[in-house]
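Asker: Each chain, letter by letter, is given below.
There are 2 protein chains.
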Amino acid sequence: MNTPSIFWLVPAASLVALAVAWIFYSRMKREDEGTERMREIAAHVRKGAMAYLRQQYKVVLVVFLVLALFFAYLAYGAGVQNPWVPFAFLTGGFFSGLAGFFGMKTATYASARTANAARQSLDRGLKVAFRSGAVMGLVVVGLGLLDISFWYLILDRFTDVAGPQKLVVITTTMLTFGMGASTQALFARVGGGIYTKAADVGADLVGKVEAGIPEDDPRNPATIADNVGDNVGDVAGMGADLYESYCGSVLATAALGAAAFASAGSETLQLKAVLAPMLIAAVGILLSIVGIFLVRTKEGASMRELLRSLGVGVNFSSALIALATFGILYLLGIENWLGLSFSVITGLAAGIVIGQTTEYYTSHSYKPTQKIAGSAKTGPATVIIAGVGSGMISTAIPVVTIGVAIVLAYLCAIGFDIEHMMQPHNLSQGLYGIGIAAVGMLSTLGITLATDAYGPIADNAGGNAEMSGLGPEVRKRTDALDALGNTTAATGKGFAIGSAALTALALLASYVEEIRIGLLHNGVTELTLSDGTTRLVEQASMLDFMAYYNVSLMNPTVLVGVFIGAMMSFLFCGLTMNAVGRAAESMVQEVRRQFREIRGILTGEGTPDYARCVEISTRGAQREMLFPSLLAIVVPVAVGLVFGVAGVMGLLVGGLGSGFVLAVFMANAGGAWDNAKKMIEEGHFGGKGSDCHKATVVGDTVGDPFKDTSGPSLNILIKLMSMVAIVMAGLTVACHLF
Amino acid sequence: MNTPSIFWLVPAASLVALAVAWIFYSRMKREDEGTERMREIAAHVRKGAMAYLRQQYKVVLVVFLVLALFFAYLAYGAGVQNPWVPFAFLTGGFFSGLAGFFGMKTATYASARTANAARQSLDRGLKVAFRSGAVMGLVVVGLGLLDISFWYLILDRFTDVAGPQKLVVITTTMLTFGMGASTQALFARVGGGIYTKAADVGADLVGKVEAGIPEDDPRNPATIADNVGDNVGDVAGMGADLYESYCGSVLATAALGAAAFASAGSETLQLKAVLAPMLIAAVGILLSIVGIFLVRTKEGASMRELLRSLGVGVNFSSALIALATFGILYLLGIENWLGLSFSVITGLAAGIVIGQTTEYYTSHSYKPTQKIAGSAKTGPATVIIAGVGSGMISTAIPVVTIGVAIVLAYLCAIGFDIEHMMQPHNLSQGLYGIGIAAVGMLSTLGITLATDAYGPIADNAGGNAEMSGLGPEVRKRTDALDALGNTTAATGKGFAIGSAALTALALLASYVEEIRIGLLHNGVTELTLSDGTTRLVEQASMLDFMAYYNVSLMNPTVLVGVFIGAMMSFLFCGLTMNAVGRAAESMVQEVRRQFREIRGILTGEGTPDYARCVEISTRGAQREMLFPSLLAIVVPVAVGLVFGVAGVMGLLVGGLGSGFVLAVFMANAGGAWDNAKKMIEEGHFGGKGSDCHKATVVGDTVGDPFKDTSGPSLNILIKLMSMVAIVMAGLTVACHLF
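Chains as they are written, first to last, in this note's numbering: chain B, 129 to 866; chain Y, 129 to 866.
Check each hint, because a few of them may be wrong.
Same chains, same names: a pair is fine if it fits in one copy or spans any two.
As the list claims (entries may be wrong) - Pairs of lysine-lysine residues, derived as DSS-like cross-links and limited to a Cα-Cα distance of at most 25 Å, are as follows:
| # | residue 1 | residue 2 |
| --- | --- | --- |
| 1 | K294 | K495 |
| 2 | K505 | K822 |
| 3 | K604 | K175 |
| 4 | K816 | K505 |
| 5 | K806 | K294 |
| 6 | K499 | K255 |
| 7 | K499 | K822 |
| 8 | K505 | K255 |
| 9 | K604 | K294 |
| 10 | K499 | K294 |
Bear in mind the hints are in silico, worked out from the structure with no lab data behind them.
Please model the entire structure based on the sequences and the hints provided.
Answerer: Right, here's the structure in full:
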């Protein structure tokens with residue numbers, strides 16, 4: 129099949145993104161890194177971050193090799209999988225890690241430079257930090273689309289299948305690449321999340337409480353680990369996470385398009401359905417870059433003005449993307465281009481609403497967080513109760529928004545043919561519309577991730593300023609930059625969660641289509657339904673497969689799957705919460721050992737072994753991350769082997785429902801506790817050091833693993849479980865107990 | 129149709145239960161209430177409890193009248209509902225309240241008597257408290273079965289419908305009685321839960337912190353409210369809750385039996401399916417009484433021996449019930465009596481496993497709670513993190529257990545005909561087996577609730593001993609009694625949660641059957657399925673209805689329902705958590721006012737206005753409980769009107785999945801925090817007053833609304849939503865947007 133020339137927009141856009149990222153990176157590198165002390169501290173953090181990556185990659189490499197060997201066996205030994213699968217899986221993991229690596233490298237170079245720029249002015253500081261954040265945003269989307277176009281071209285050339293099955297095979301193989309990205313992202317998020325919170329708690333407990341030295345003091349061996357943690361958790365972890373979300377939404381929609389339109393007979397229609405999400409993403413990249421260049425601010429701008437100028441960039445990009453979508457889908461000539469364009473807008477709009485809601489429930493400019501801060505008057509217990517209460521209530525609007533978006537995206541795609549909304553053709557079109565909405569929501573990622581990644585850079589700049597003994601006015605400026613970052617980070621989390629829900633739905637639909645491939649692979653060409661009628665597997669609809677496998681809400685295996693899925697989210701969160709506790713314990717022991725064994729460390733004459741401390745904590749985090757992450761891979765396979773297709777679908781739906789809501793709850797409760805503390809630090813309710821402040825510090829500490837470890841990992845969990853189910857669909861179809 | 133003579137076992141068993149309860153009650157009343165001071169305090173608590181009930185009943189009465197008028201309109205105005213529905217609804221609420229009222233009355237009489245008995249010996253104290261607990265257990269099951277038999281006889285006589293539809297109409301009308309019980313229970317649990325925690329926090333904050341007087345000091349106007357709270361939350365609330373669970377499981381299974389076997393043609397078969405759950409419950413009552421009489425202990429028995437003698441009673445009852453089930457189902461002559469008997473045993477066994485798991489995760493004899501206590505060394509934040517982590521992990525075994533129970537109960541009921549497990553007849557039989565398993569799990573309620581209700585009585589006895597200034601050795605004995613109660617309470621919560629999950633599944637199945645009635649009511653006699661075939665509504669199977677309404681996991685309206693259902697659990701918990709905070713605030717203001725306005729209150733010369741304080745707090749609790757409780761009624765109706773049958777089924781499944789898991793998490797985390805504090809109070813990690821103790825007090829305070837307000841309310845929420853959906857099925861079928 130000929131690749132239409134419009135496709136080349138996809139690799140072109142990705143190369144433009146990478147080029148612009150390179151320009152921003154070079155400019156940032158040319159900035160002055162400040163005093164000797166600032167350079168030294170930045171170098172320690174950089175070294176520590178690399179130490180983390182070394183250890184992380186060792187563990188993840190083993191996991192990837194084992195899984196790749198398994199896939200290689202399936203492909204070359206058993207002959208039941210595409211020979212490209214092991215490679216696609218490996219490169220997905222590799223590029224996901226690479227996006228995190230580049231983001232982290234940029235961040236570790238940018239922190240001292242931001243602090244130094246903040247010595248001159250608030251505005252200079254913002255510029256350096258935001259540009260560095262933009263590097264990360266553009267690298268993620270650039271690498272993402274580059275890999276997608278690369279694999280599309282490779283597989284298009286080397287896939288030796290005729291007819292509509294060709295694109296199905298191509299997109300399915302590409303989903304393995306998505307599974308690689310998800311696996312890497314889960315490890316990065318969970319490992320990084322455990323690491324950053326363990327180092328944080330460990331540094332505080334031994335340094336501040338036992339040795340009595342101030343926070344961020346360079347004599348504390350865990351201080352560097354603490355700063356490294358911000359980089360590995362909030363930068364590398366988030367980079368891999370959003371890389372996975374971005375690719376996941378495009379790949380899931382493409383796979384759904386290929387599979388759903390395969391039975392429709394028209395290969396042109398099918399090809400367009402595969403290309404549409406890539407093109408929307410490509411246009412999104414280009415217009416995000418335009419938005420980034422629009423973020424300009426005059427010398428001495430106020431915080432409100434800064435926030436507004438960031439908003440101008442994001443909103444302008446969104447509006448342009450919305451307009452451009454109509455054009456690109458029209459040019460592509462896809463069936464029902466108008467309806468699908470409105471599906472994209474539904475996704476864009478839902479993302480904005482969720483972002484705003486997140487801000488409302490987590491910013492101390494609004495009542496919910498102010499009430500949490502006020503509850504500190506009666507101690508830490510009421511802070512926790514208020515935060516849990518507010519966080520749980522905050523799930524309502526995002527869930528309803530996603531619900532409305534799902535229905536609207538579906539209906540737009542089928543031209544509001546409500547009466548026949550479940551007929552095979554409409555079902556495929558409608559579900560495809562939901563996938564396209566997810567792509568729409570993430571199309572602004574180039575710029576939203578820039579504002580998002582800017583946060584931890586500003587945070588680290590503050591740490592650098594403190595450790596280097598820069599003046600209080602510099603620290604005040606970095607604090608202001610940090611506060612701005614908190615607000616934008618909230619929006620970013622909203623996008624990640626919302627898009628995960630939509631993407632998971634698209635993956636669920638892809639799973640049903642995968643069953644066809646699984647059946648054909650197992651030599652089944654005809655289905656006999658319970659009413660005695662038969663269907664050719666090649667021509668059967670999604671609903672036929674579901675009827676064949678009794679995927680009904682009355683089937684006890686579906687219901688058991690729903691229960692297990694709902695439980696998985698909680699179990700996963702519980703395991704990661706406890707892991708933070710245990711890893712912090714290892715850190716405490718290591719710091720105590722160094723204080724005991726390295727001479728002159730407290731007088732400043734001996735140098736603490738930062739790297740060793742970082743490595744110990746990293747190893748702890750890596751050990752702790754293995755079990756929960758592997759669980760996410762093993763459970764869908766196990767449920768499939770016992771309960772078959774019906775159980776797996778129950779599992780995915782149950783996991784999606786409770787995982788989505790739990791993720792919103794944890795992210796918002798954590799964010800609100802953080803900002804309630806910040807509000808008191810700004811002087812309300814007694815200010816820093818008061819009993820109220822101490823009460824909110826407890827809330828903040830509890831919120832840390834909520835918002836930075838368990839909560840964001842859930843987004844990846846629900847997608848990874850779906851991708852595992854898809855990749856293993858052939859096995860499930862071949863053997864299951866029920 | 130003739131009522132078979134075996135039916136009379138049901139009212140007979142209920143009358144035996146009530147008679148035994150009366151005997152225990154009279155014996156308890158003959159015990160000495162102790163010193164003048166003890167009587168006085170008990171009288172205050174009793175008066176406060178009555179003040180609560182007055183206020184509670186005012187609010188609930190209004191809600192019931194509005195709903196009953198609405199049902200009356202549907203029955204007499206629109207003519208679309210059975211004329212008995214409004215009355216059934218009202219009596220369900222009335223008897224549920226009555227069960228709570230009797231339990232509370234007994235508890236308020238028993239507390240001083242238990243304290244007085246504990247002055248003589250530990251054993252005497254246990255006897256008085258346990259017998260009083262047994263009153264509650266027997267009243268709940270006795271009233272429950274009495275009402276069920278009463279309505280069955282009334283409706284059997286006055287229902288003017290011929291053929292298999294008669295039993296369907298009877299059992300559906302009886303489900304309205306279940307909805308009344310659920311509504312009352314939800315108000316009792318939420319209101320009582322908010323009340324008890326608000327009074328607790330309010331009394332502590334003003335009394336201990338501001339006025340500097342010790343806990344349980346009679347000068348504190350909120351002290352009585354605090355003790356009243358234990359009665360209204362843990363006794364009246366739990367009584368109404370378990371009354372609802374008990375009746376709910378029997379009614380749901382009976383309705384499912386009637387509906388599912390209506391199309392099978394045999395009215396005898398149908399009648400037997402309706403009577404079986406009632407008979408199992410009746411046998412359970414009688415054998416529970418035997419178990420209660422077995423709870424004897426020799427003078428001066430150790431704690432371990434006491435616990436063992438309680439265990440002997442429960443286990444003996446369970447074993448006898450298991451055996452008797454085979455006999456009773458054989459005598460009834462129900463189809464597949466052997467398989468169904470094994471379904472009952474599945475339920476019984478699952479209840480025991482869940483109870484044991486709950487004990488493992490909440491008792492400080494085991495590692496999880498010990499670790500939470502140990503984490504107090506690093507402050508309150510790590511206590512919260514450890515508790516949340518452990519609570520989330522604790523969901524795994526109960527969920528898997530219920531999953532196994534669902535599948536086993538289903539398969540036992542269909543004779544392990546796995547290959548045809550989804551054929552219409554097997555589907556009805558299998559789902560009925562799940563309902564029967566829920567009845568089996570709750571069949572031991574007479575005795576398990578006795579051990580459960582014993583807890584708050586022992587707790588109140590301790591309060592009375594403290595306020596009356598009894599010696600430390602008495603307080604030590606009441607503490608020991610209290611600790612025993614904590615362990616048994618954990619088991620009781622496990623039963624309540626597990627049975628809720630199974631009952632909700634039975635209700636879900638009943639809902640599908642309700643659609644038939646709804647369609648017939650709306651004059652629809654034939655369905656045209658998407659494949660063009662038609663079915664007579666009278667003969668259509670459950671799966672036909674689901675196909676007709678597109679209840680498929682690929683239908684976006686189902687998925688939106690799942691999301692909203694999952695969110696409802698969180699929203700409901702968030703609202704009730706926040707309500708506790710706000711109600712505590714009102715209490716604080718009232719206590720401050722009394723200190724200010726009533727002269728000589730702090731010198732002991734003026735008497736605080738206990739009743740006013742109780743009323744203020746009650747009114748606060750009542751105001752706060754309205755919104756979340758009404759939400760549970762309104763949302764299923766709204767989802768039905770917008771998204772139709774498919775949306776409602778998604779809602780129920782989503783709510784069930786996440787509600788069940790969330791309830792287990794909250795109950796276990798709360799219980800573990802409570803016992804971690806108790807462990808430290810017993811002298812570990814520095815003991816009472818240490819920093820570790822303070823840290824666990826924070827955990828305990830956070831856990832209070834988890835385990836006593838939000839968590840247990842979820843059990844009711846998921847069933848109430850199902851019952852509302854069932855009662856409103858006719859409306860949903862008649863008008864919906866999608």
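Asker: It remains to establish, for every hint, whether it holds in the given structure.
Answerer: A quick look at each hint next to the structure:
1. K294 with K495: neither (55 Å within a copy, 55 Å between copies)
2. K505 with K822: Result: close both inside a copy and across copies, 10 Å intra and 17 Å inter.
3. K604 with K175: neither (27 Å within a copy, 59 Å between copies)
4. K816 with K505: Intra 14 Å, inter 24 Å, cutoff 25 Å: intra and inter.
5. K806 with K294: So K806 and K294 fail the 25 Å test inside a copy (55 Å) and across (65 Å) alike.
6. K499 with K255: neither (34 Å within a copy, 47 Å between copies)
7. K499 with K822: For K499 and K822, the Cα distance is within 25 Å both inside one copy (16 Å) and across copies (24 Å).
8. K505 with K255: For K505 and K255, neither the intra-copy (39 Å) nor the inter-copy (44 Å) Cα distance is at most 25 Å.
9. K604 with K294: neither (59 Å within a copy, 77 Å between copies)
10. K499 with K294: Cα proximity of K499 and K294: none, with 57 Å in one copy and 55 Å across.
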